[in-house]
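Colleague: One-letter residues, chain by chain:
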Amino acid sequence: MNFSWMAWTLPTALFFGTIAALLIGMAVWEYFSPGGNPRHGILRFETTRGDRLFISLLGSGFINLAWLGLIGPQLWWALALSLVYAICVFRFV
Amino acid sequence: MSTVSTSTNTLASMDAAQSKALRRARRRAAPRTAWVVPTLYIIFLLLPIYWLINMSFKTNTEITSAFTLFPRDFTLHNYTVIFTDPSWYRGYINSIIYVALNTVISVGAALPAAYAFSRYRFLGDKHLFFWLLSNRMAPPAVFVLPFFQLYSAFGLIDTHIAVALAHCLFNVPLAVWILEGFMSGVPKEIDETAYIDGYSFPRFFFKIFMPLIASGIGVACFFAFMFSWVELLIARTLTTTDAKPIAAIMTRTVSASGMDWGVLAAAGSLTIIPGALVIYFVRNYIAKGFALGRV
Amino acid sequence: MEKTWNNRAWFLVLPVLLLVAFSAIIPLMTVVNYSVQDTFGNNVFFWAGLDWFQELLHSPRFWQALARNLVFSGIILAIEVPLGILIALNMPKAGWGVPVCLVLMALPLLIPWNVVGMIWQVFGRVDIGLLGKTLSLLGVDYNYVQDPVDAWITIIVMDVWHWTSLVVLLCYAGLVSIPDAYYQAAKIDGASGWSVFRYIQLPKMHRVLLIAVLLRFMDSFMIYTEPFVITGGGPGNETTFLSIDLVKMAVGQFDLGPAAAMSLVYFLIVMLVSWVFYTVMTNYGQES
Numbered sequence: 001m002n003f004s005w006m007a008w009t010l011p012t013a014l015f016f017g018t019i020a021a022l023l024i025g026m027a028v029w030e031y032f033s034p035g036g037n038p039r040h041g042i043l044r045f046e047t048t049r050g051d052r053l054f055i056s057l058l059g060s061g062f063i064n065l066a067w068l069g070l071i072g073p074q075l076w077w078a079l080a081l082s083l084v085y086a087i088c089v090f091r092f093v
Numbered sequence: 001m002s003t004v005s006t007s008t009n010t011l012a013s014m015d016a017a018q019s020k021a022l023r024r025a026r027r028r029a030a031p032r033t034a035w036v037v038p039t040l041y042i043i044f045l046l047l048p049i050y051w052l053i054n055m056s057f058k059t060n061t062e063i064t065s066a067f068t069l070f071p072r073d074f075t076l077h078n079y080t081v082i083f084t085d086p087s088w089y090r091g092y093i094n095s096i097i098y099v100a101l102n103t104v105i106s107v108g109a110a111l112p113a114a115y116a117f118s119r120y121r122f123l124g125d126k127h128l129f130f131w132l133l134s135n136r137m138a139p140p141a142v143f144v145l146p147f148f149q150l151y152s153a154f155g156l157i158d159t160h161i162a163v164a165l166a167h168c169l170f171n172v173p174l175a176v177w178i179l180e181g182f183m184s185g186v187p188k189e190i191d192e193t194a195y196i197d198g199y200s201f202p203r204f205f206f207k208i209f210m211p212l213i214a215s216g217i218g219v220a221c222f223f224a225f226m227f228s229w230v231e232l233l234i235a236r237t238l239t240t241t242d243a244k245p246i247a248a249i250m251t252r253t254v255s256a257s258g259m260d261w262g263v264l265a266a267a268g269s270l271t272i273i274p275g276a277l278v279i280y281f282v283r284n285y286i287a288k289g290f291a292l293g294r295v
Numbered sequence: 001m002e003k004t005w006n007n008r009a010w011f012l013v014l015p016v017l018l019l020v021a022f023s024a025i026i027p028l029m030t031v032v033n034y035s036v037q038d039t040f041g042n043n044v045f046f047w048a049g050l051d052w053f054q055e056l057l058h059s060p061r062f063w064q065a066l067a068r069n070l071v072f073s074g075i076i077l078a079i080e081v082p083l084g085i086l087i088a089l090n091m092p093k094a095g096w097g098v099p100v101c102l103v104l105m106a107l108p109l110l111i112p113w114n115v116v117g118m119i120w121q122v123f124g125r126v127d128i129g130l131l132g133k134t135l136s137l138l139g140v141d142y143n144y145v146q147d148p149v150d151a152w153i154t155i156i157v158m159d160v161w162h163w164t165s166l167v168v169l170l171c172y173a174g175l176v177s178i179p180d181a182y183y184q185a186a187k188i189d190g191a192s193g194w195s196v197f198r199y200i201q202l203p204k205m206h207r208v209l210l211i212a213v214l215l216r217f218m219d220s221f222m223i224y225t226e227p228f229v230i231t232g233g234g235p236g237n238e239t240t241f242l243s244i245d246l247v248k249m250a251v252g253q254f255d256l257g258p259a260a261a262m263s264l265v266y267f268l269i270v271m272l273v274s275w276v277f278y279t280v281m282t283n284y285g286q287e288s
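Chains as they are written, first to last, in the UniProt record's numbering: chain A, 1 to 93; chain B, 1 to 295; chain C, 1 to 288.
These are calculated hints, taken from the structure and not from any lab test.
Mixed in with the good hints, there may be bad ones.
What the hints assert, rightly or not - The calculated lysine-lysine pairs, modelled on DSBU-like cross-linking and capped at a C-alpha distance of 30 Å, are:
no., chain 1, residue 1, chain 2, residue 2
1, C, 248, B, 188
2, B, 188, C, 3
3, B, 126, C, 3
4, C, 93, B, 126
Using the sequences plus the hints, can you model the full thing?
Modeller: This is the structure we're talking about:
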């Protein structure tokens with residue numbers, strides 16, 4: 001079976017590796033402390049940490065896109081901003 | 001029909017009668033004109049379909065030169081063309097094959113999963129459910145490009161199974177969603193009693209549980225059939241000749257042979273028939289099915 | 001119903017997981033890989049970084065298509081949801097009319113999408129279509145091939161024809177689930193038709209309406225086949241929606257990189273919207 005059509009590159013492999021690591025990390029966390037720490041945050045509905053991770057990732061996607069569209073192709077600052085955003089999400093949502 | 005007026009008089013007499021049908025009729029203080037709205041809507045729905053069927057019985061000259069509400073030179077020629085030309089009728093056979101394959105695979109895989117979602121909580125269940133649903137929401141156009149590459153790599157291009165598997169992308173989540181709704185309506189005590197009575201899981205599932213949600217399975221099959229039958233973009237991309245669906249054959253004819261309106265209309269009319277047949281079988285559950293089993 | 005914790009339930013989900021992962025995760029990974037590279041075929045790829053994304057985000061064509069999609073979905077929801085409710089409220093609740101209505105109304109839903117497009121393409125044609133011909137005989141200047149407004153009207157009417165039944169059936173399912181006792185109570189209180197609708201029927205339809213809005217938004221947001229068959233995206237680019245542009249790029253021109261970048265942005269938007277709808281839907285279910 002030839003998979004060269006998938007055209008893997010190091011950055012994209014790292015990207016998916018990170019996502020996979022995050023998911024595995026969440027699963028382990030969930031295994032040792034089940035229930036997902038549900039609470040009502042500033043969005044006024046119940047979220048678990050899985051929800052918070054999803055909101056962080058989705059939001060980061062849009063932050064990076066907005067940075068790319070409005071400012072420029074140097075995404076390191078956008079990544080930093082995403083990280084701050086993710087921390088806020090995990091803290092307040 | 002819906003012209004049941006519920007004046008105070010009839011209410012009183014109905015209370016005396018206590019007949020079941022009449023009690024149902026009292027449900028709603030429907031004005032006498034209620035039937036107008038659905039009737040107008042149905043006429044609106046049927047007009048274009050009528051025009052298509054009307055055209056399919058006309059000759060091409062009549063279609064292009066005259067504007068007739070009924071076929072003047074009634075002809076079955078257009079249908080004869082389709083039923084005698086393999087490149088036409090093979091399209092119907094191809095469509096039916098992959099739609100049937102897809103329905104079996106989708107509902108077969110969705111049954112145990114829906115049971116798991118309706119009965120148990122497990123690690124990541126809610127996120128898994130949302131992820132499944134997000135595939136139902138994803139635009140097929142996004143998947144067209146990688147699908148072609150993926151199925152080429154597996155040597156599956158132009159096979160029925162390729163289209164059937166690709167359509168699982170949106171049909172499996174939908175089937176899980178519908179079946180989960182229907183299964184949640186079955187009390188859990190039934191499972192527990194069966195296990196106490198010494199039923200194994202497979203035996204319980206096939207002997208007791210599946211008959212209980214038979215209507216749900218029917219509705220799930222209906223929806224799998226429906227969305228696989230109506231989808232064209234993916235089916236067209238993954239096939240070239242041997243498994244080409246009828247819908248794709250129609251688009252090719254439009255561009256190739258000038259405009260054979262009559263045959264095109266006949267082919268279109270024939271694609272309506274399988275759908276109409278299936279709706280008839282699930283007519284009593286269709287509304288509940290559209291509500292995904294949970295109303 | 002209280003569910004028990006059982007991680008072995010994963011085994012029941014496994015077939016679905018494998019099936020959908022094959023069709024969803026591998027393609028998604030491929031799209032991400034393509035979106036940062038350029039190719040001239042033969043599986044030879046060159047690193048392109050974020051160029052495609054930047055190009056996309058600065059292309060008016062993309063923003064216009066996105067705007068068209070949003071406007072279209074908005075119009076569709078604004079027409080189909082109230083119309084669907086109206087029809088569902090007036091549908092017969094018992095007797096022979098019920099199956100007749102259900103079967104006839106569901107009919108357009110079962111027609112292959114390109115046939116739907118074909119039906120309306122023919123129906124609206126000025127030379128051979130019932131609608132187009134009648135309008136032109138009445139002196140209305142209607143031509144969906146040349147006039148953008150007419151093209152839009154045709155596509156919207158086509159979509160209303162195609163999908164309003166979905167809303168009707170969903171609302172109908174909600175309405176028939178209302179117990180008789182509610183109506184009797186309303187009767188005794190002398191409630192008006194409007195308050196019966198506002199305080200009994202509408203709350204009962206809330207859930208199904210959410211499903212209807214979710215499905216209608218998503219399906220209209222990814223619309224491809226019907227407008228492609230009717231107008232081919234024209235006149236000009238007036239009815240070019242995101243999907244049409246995307247397929248043109250991916251299949252027509254085989255521009256893998258730009259198409260992949262566009263797919264990802266499209267996908268992100270869809271994820272956001274479906275997450276919002278889904279969250280609203282599930283949380284509403286918990287409260288009631």
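Colleague: Hint compliance check: list the failing hint numbers for this structure, sorted ascending.
Modeller: 1 and 4
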